[in-house]
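Novice: Position chain B with the ligands relative to chain A; hints supplied.
So the protein sequences, as listed, match chains A and B. Position one of the first sequence corresponds to residue 1 (the working numbering), numbered consecutively onward. Position one of the second sequence corresponds to residue 1 (the working numbering), numbered consecutively onward.
Please note that a few of the clues may not be correct.
[To be verified] Computed footprint of chain B on chain A; a stretch qualifies when at least three of its residues, placed anywhere within it, have a C-beta under 8 Å from a C-beta of chain B:
| id | segment |
| --- | --- |
| 1 | 37 to 45 |
| 2 | 97 to 107 |
| 3 | 143 to 155 |
These are calculated hints, taken from the structure and not from any lab test. We treat Cβ as the ideally placed atom computed from N, Cα and C, and that holds for glycine.
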Amino acid sequence: MNEALSRKKDEEISDYLLEQFLNLSRALTGFDRVDLLGTGMAEPYYREITRIYKEPVIRLLFEAKAIFEVYGEHHPAFEDQIRQRIIEDIEFAQIAKNIIQLWYLGSYTNYNDPAPLIFKAAYIISPEAYQNGLLWPNMGSHPAGAKQPGFGSWNLEPQTVKQD
Amino acid sequence: MTDKIYDVVIVGAGVAGAVLAKVLSGAGKSVLLLEAGKQAGIELEAVAAYANYQSYLNTFYTASAKVPNSPYPNLKTAPSPDVLALSNFDVQKPVIEQDDWPKKDDSKLRLNQGSYFVQKGNLPFGSDYARSPGGTMLHWLGTTLRMLPNDFRLKTTYGHGEDWPISYEDLKPYYEMAEREIGVSGAVDEQELPGIDSNFFGADYQYPMQKIPQSYLDGKFVEQAKGKTIKVNGVAYQLNVISTPQGRNSTPNKNYKFSAAQWDARQKKLKLVPGEESYQPVGSIWDPHTGQRCEGNASCVPICPVQAKYNPLKTIKSAVDKLKELSDNTTGGGKSSIGSIEIIAQAVASKIEIEPDGRIKEIKYKQYKNPDGSDYVLKTARGRIYALAAHSVENAKLLLASGACKGNDHVGRHLMDHTCGLAWGLMPKDIGGYRGPGSTSNIPTFRDGAFRKEHSAFIMPIDNWGWNWPALSPFSDFINAVNGQGTPQNEQLFGKKLRGYLGDRLSRQFNMHFEVEQMPDYNNRVTIHPRFTDALGNFRPVITYDLSDYSRAGFVAGRQITKEIFKLMSVEDATNYDPGNTSYFTYEVDGKEEGFVTNGAGHLAGTHRMGKSATDSVVNSRQQAWDHKNLYLVGCGSMVTIGTSNPSLTMTALAFSAAESILSDLS
Ligand SMILES: Cc1cc2nc3c(=O)[nH]c(=O)nc-3n(C[C@H](O)[C@H](O)[C@H](O)COP(=O)(O)OP(=O)(O)OC[C@H]3O[C@@H](n4cnc5c(N)ncnc54)[C@H](O)[C@@H]3O)c2cc1C
Ligand code: SF4
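Just chain A, same shape as in the assembly (with noise of 0.2 Å):
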């Protein structure tokens, strides 16, 4: 096969597998596909989870496609479901907890070192994954040091991002 062939399948496969990330973002998130997007981050993110855990990350792609599936998001059970089979699950439930993280803090922590909870080695994988950290806005806030809301905004009504 040639080399521009092959970088194609790849692309492809990335393609399709990034709309999975997107989809169990969402569930695990609680944010919607266009906060997500619009963070611009869902490359980089995806990029760093593969990095980081490998194929386990395909698999758990196909556990939540396999949730999305039969159950459908707004089924009564589906929130269960993502609890049981990924969060609580020995196998995804770091992987899962970091891809929440990297969305909302823009970092990941290693919860196989053993220093307490608070102390573990987390980084922040880059300015803009820090800057675009979804916890932020959520609060009514915006990442310390970045967005300013210009002068004065802090004397005003707490605008809080609410919830659909």
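Specialist: Okay, now just chain B with the ligands, sitting in the frame of chain A:
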């Protein structure tokens, strides 16, 4: 070695050194500024200055623990203290054993991993400073309070601490100069402070800029707490809440009338002269239009992305620009009367050489190329007068390393800081935290009063950044929520529930703190030992630190008041002083031992204090070393007490006053 003899050699390009350099060069003197930090950090030309500052900013963005020094390089050649190393302090387990040091009385010595400080007190010293050009104010918060009149006569009035050799009135004109230079935003008429009279600011005095708007949560606080009465130790106090003056840009005050401080050679005085134009906020060093107003980045500690907050690089740049402008507009012989500033970076002053008659002969400094290496070239700087402005701890170290100021054993002693107690909880409703500058209001009620006979005074700032300080929020809230720690039924949260939980919790987080005055205790000190050196062979500070009963009692009163305030405001108290914290201490309250955690404030002072006599101080009221007529020690180290004001405004005022003394010596 350069043969040049400068009028003044200054060590350190923080605010103290910057103010000296500006005033002295502005009065026609030649100045050499030696700075330990990296060359990149002192670049003043727009492109290079911007590039360097962006590198600080990007380092900050990616730092997982955004502590004060996180944006700035920690150099092997000129290390800075790291507050993260505190967690390695272990009272039970001295790290050094089977060594020639500690001896018996040094059994508490601890070499914390990753730490620049060697700690040997009962409590670890919890503050840091930054050894980068611009100094520690790169990451200061920006609070600019004057000290109160009684702070200068504590011993006489309340029988504690020490009196200053100067009074508030003596320092007042220099406070005005400092407020001009830093660019303070504030409302004079709102400064209802205990123990002052109408002369405190003087008729018609205004700050250069209008007050920084108080935060939304300050407003909630004022609504519910201001004017309320609370009882402490049986005495009733009416709570006041006022706006805090700050060194960050706001709307210029039309009524402000002064231009920069000028040297009057005939009267031998520095004077703030009325300006012809109205005050202009000073923007960033790379672009005067950037940072004209505080934009609410909410990251003042550790870095203001737009430089709306004052930092000393602004002072250095304005001085250098002014000299250039003068030079461009002057022809021929006139040029010789223009002052100069030469800056040598990556130059760590290491020893002061002293003549037999006590005069300083020269300063030896180690200039390095590679900040991560240990190579250097030893060089010499000579001047008619020398000024150490390398920060209170570094000044003391340099004096000790040089055997200077040996008339008594006070160098390095009387180390002070504010001991900070934090109190945090959840407000009933969204208060819109994590927005704006770190603190925009304070409770001044306990800054002065008869209680100072019994316990320390304290100021109570109201904080705007949720539980960032006490609990590493919002990171800790996130990590706990997804791991089901402290959540309802310990559920591991995700999805919409997680969003809802964090949104609610973070927007209700409230923190306030009390900064308690520490007395100048003889045993709290910085010292050196040949066993502890850095990569260039310069000494590392060995610090002995503890809290006196007087401060502990103040701390306890502060905590008691926050409890009362929380009740008033229906705050669900979440304050938790962890006995496992290395800064945990106990104190007897109502017959019972209670535990507390102290935090450093970064307000390191007192290591070369001024005084009336050569027997009990290191410098005289001119900040001139008693033992060395051509040596000035400038910075918070010269302060006798620290009152309840963050120290830098007072220290900047003292730097103006020192510059005046130096100029009169030179003329
Ligand atoms: C987190 C934090 C918040 C703070 N907030 C406030 C606040 O809100 N209000 C307030 O008033 N104060 C505040 N402070 C205190 C304030 O930052 C300091 O008081 C002030 O910066 C001290 O100024 P300085 O010029 O004496 O020393 P520095 O600012 O530390 O400057 C010293 C300079 O000397 C250089 N140097 C050191 N050693 C050598 C050597 N051997 N040779 C050559 N150069 C050397 C350093 O690199 C540095 O540039 C805060 C401090 C901290 C840590
Ligand atoms: S709030 Fe933001 S813009 Fe204002 S001083 Fe702080 S960091 Fe700078």
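Novice: With reference to the structure, classify each hint as holding or not holding.
Specialist: Tested hints:
1. With 0 residues carrying a beta carbon less than 8 Å from a beta carbon of chain B, the segment 37 to 45 of chain A misses the three-residue requirement, and the given coverage is violated.
2. With 6 residues having a Cβ less than 8 Å from any Cβ of chain B, the segment 97 to 107 of chain A passes the three-residue criterion, so the hint holds.
3. Evaluation of the coverage hint for the segment 143 to 155 of chain A: fulfilled, as 11 residues show C-beta separations to chain B shorter than 8 Å, against a requirement of three.
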